[in-house]
Amino acid sequence: MAEFRLHCFPESGGCYKVALMLALSGADWEGIWVDYFRGGGETRTPEWKKRVSVMGEVPVLESDGRSRTQSGVILTYLSQKLGRFQGADREEELRWILFDNHKFTSYLATWRFLLGWVKDPDPAVVAFFRTRVENAFRVVEAQLEGRDFLLGAEPCIADISLQGYLHYPREEWPLDMSAYPRIEAWIGRFRAMPGYKPAYELLPGARTAYAA
317 MAEFRLHCFP
327 ESGGCYKVAL
337 MLALSGADWE
347 GIWVDYFRGG
357 GETRTPEWKK
367 RVSVMGEVPV
377 LESDGRSRTQ
387 SGVILTYLSQ
397 KLGRFQGADR
407 EEELRWILFD
417 NHKFTSYLAT
427 WRFLLGWVKD
437 PDPAVVAFFR
447 TRVENAFRVV
457 EAQLEGRDFL
467 LGAEPCIADI
477 SLQGYLHYPR
487 EEWPLDMSAY
497 PRIEAWIGRF
507 RAMPGYKPAY
517 ELLPGARTAY
527 AA
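Here our numbering is used: the first residue of the sequence shown is 317, the next is one more, and so on.
Fair warning: there could be bad hints in the mix.
What the hints assert, rightly or not - Cross-link-like lysine-lysine pairs, in silico, DSS-like; alpha carbons within 30 angstroms at most:
(1) Lys397 <-> Lys435
(2) Lys435 <-> Lys365
(3) Lys365 <-> Lys419
(4) Lys365 <-> Lys397
Claimed, not checked - Restraint ranges, calculated between C-beta atoms of paired labels, are given here:
(5) Asp351 <-> Tyr512: 25 to 35 angstroms
(6) Pro497 <-> Trp349: 31 to 41 angstroms
(7) Asp344 <-> Val389: 35 to 45 angstroms
Think of the hints as simulated: they come from the structure by calculation, not from any bench. No experiment lies behind these values; they were computed from the predicted model shown. The beta-carbon is built from N, C-alpha and C at its ideal position, and this holds for glycine as well.
Work the whole structure out from these sequences, hints included.
Next up, the structure:
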């Protein structure tokens, strides 16, 4: 059995954050596909919540005899366990992880979901979330001025957290990136790292093009 077992599904950027961390670290891990979409969703069943996580969410990482949930917690654990991607300023690192969960990933994931997995979404709602995405991207673009990564010359888990949805096909989040050249270069730095794979190559399970 692998040292790390990740409950996940391929469309989830939250799951990809953890898988990317494991892959870039050269860790011994395996992905356990979760049927998130069909039949109301496996994670939302009482049996799954009791057996895997009461929160009814993935990612869930099994390691060291316990299960951990919430990508920020998992990334923090892995950085300590593996000794990789540790920010020199852990408080600043946490600040950017919280920003990611509240604004960057939160808005981008919701906008992407509306575009790809909701039938006839309300255009006003779609526009609302796109505006929030653009605002969050401007914050990150400004932070990357003069830096290769969020906190300086080296990547940390905050970078991995914010990268979660940026390695899906661009048609799933059709943002004009000409306004964000630093973010584009930042994405490219991750693509050049040993062990890197894009989300749909790294996470197990068949893709769900549309969930009615």
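Here is how each hint holds up against the structure:
Between the alpha carbons of lysine 397 and lysine 435 the distance comes to roughly 42 angstroms, so the proposed pair goes past 30 angstroms and is violated. Restraint check for lysine 435 and lysine 365: satisfied, since their Cα atoms lie roughly 28 angstroms apart, inside the 30 angstroms limit. Proximity of lysine 365 to lysine 419 is assessed by CA-CA distance (about 27 angstroms); at most 30 angstroms being required, the pair is judged to hold. Of the supplied pair hints, the one linking lysine 365 and lysine 397 holds, its CA atoms being roughly 26 angstroms apart against a limit of 30 angstroms.
Taken as a hint, the range 25 to 35 angstroms holds for the pair aspartate 351 and tyrosine 512, whose Cβ atoms sit roughly 27 angstroms apart. For proline 497 and tryptophan 349, the Cβ-Cβ distance of about 36 angstroms falls inside the hinted range of 31 to 41 angstroms, so the restraint holds. Evaluation of the 35 to 45 angstroms hint for aspartate 344 and valine 389 yields a failure: the beta carbon distance comes to about 20 angstroms.
The structure does not agree with the numbered hints 1, 7 stated previously, though it agrees with the rest.
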